[in-house]
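Engineer: Listed below, chain by chain, are the residues.
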Amino acid sequence: EAGVAQSPRYKIIEKRQSVAFWCNPISGHATLYWYQQILGQGPKLLIQFQNNGVVDDSQLPKDRFSAERLKGVDSTLKIQPAKLEDSAVYLCASSPYGGHEQFFGPGTRLTVL
Amino acid sequence: GENVEQHPSTLSVQEGDSAVIKCTYSDSASNYFPWYKQELGKRPQLIIDIRSNVGEKKDQRIAVTLNKTAKHFSLHITETQPEDSAVYFCAASRGILTGGGNKLTFGTGTQLKVEL
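Taken in sequence, the protein lines are chains A and B.
For the first sequence, this note's numbering assigns the number 4 to the initial residue and increments by one for each residue that follows.
For the second sequence, this note's numbering assigns the number 15 to the initial residue and increments by one for each residue that follows.
With the rest of the complex left out, here is chain A:
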């Protein structure tokens, strides 16, 4: 089966600019996760969707980050405006309904200058 797809793979922007990342989960996977992985650290959950509903967004900086999964399939994560500390790899993962294993995409490496 095809894996989790993400784009772009790399993005360089200046602080205060906006950026958007896209994720296409494995077909049929109901649950979608966005993680932020800062260099040298483990991934940190930003937001979790079950179909098109938000399950957990407690660690999402809502003043600048937003995410949506309107049709319960693809998802977009946006940062506006970006700060230097947002430089990280943004990982998308998906899992089937009721499944524990999360399958990760290749990530988007964001550099904020």
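Just so you know, not all the hints are guaranteed correct.
[What the hints assert, rightly or not] Simulated restraints on C-beta separations: (1) GLU71(A) / GLU29(B): 32 to 38 Å; (2) GLN74(B) / LEU116(A): 40 to 46 Å; (3) GLN74(B) / LYS65(A): 42 to 48 Å.
[What the hints assert, rightly or not] Calculated lysine to aspartate or glutamate pairs in the EDC-like style (CA-CA distance at most 20 Å, straight line): (4) LYS47(A) / ASP41(B); (5) LYS117(B) / GLU71(A); (6) LYS47(A) / GLU16(B); (7) LYS117(B) / GLU17(A).
Derived from the structure by calculation, the hints contain no laboratory data.
These figures come from a predicted structure and were not determined experimentally.
Think of the CB as a built atom: it goes at the ideal place given N, C-alpha and C, for glycine as much as any other residue.
Guided by the hints, dock chain B onto chain A, whose structure is given.
Structural biologist: Relative to chain A, chain B alone:
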């Protein structure tokens, strides 16, 4: 919320030796403990996981042990090979059935280097 600590941060072993990575967690309701391997510039990949109703699980050269009373779990790799070199992350979750939505809290990672 959950807090996961992982040690050591770096581990260097000779090929053929064993490697052990340890993690502790804080949330006594956590019941799902996966281990991910992440090679440089690549995505994390699940290598083994354990549920709280099991004390030990083994898959070829990889094993994980869980001590719920002490709230710690460990990854054991035997007969290490150069291709085992990577960053390993432990994680903990309350799992699907207890309403945690399988939110994973990751440790800070262990850079394992297997030397020839």
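Engineer: Name the hints, by number, that the structure is in violation of.
Structural biologist: Those not satisfied are hints 1 and 7.
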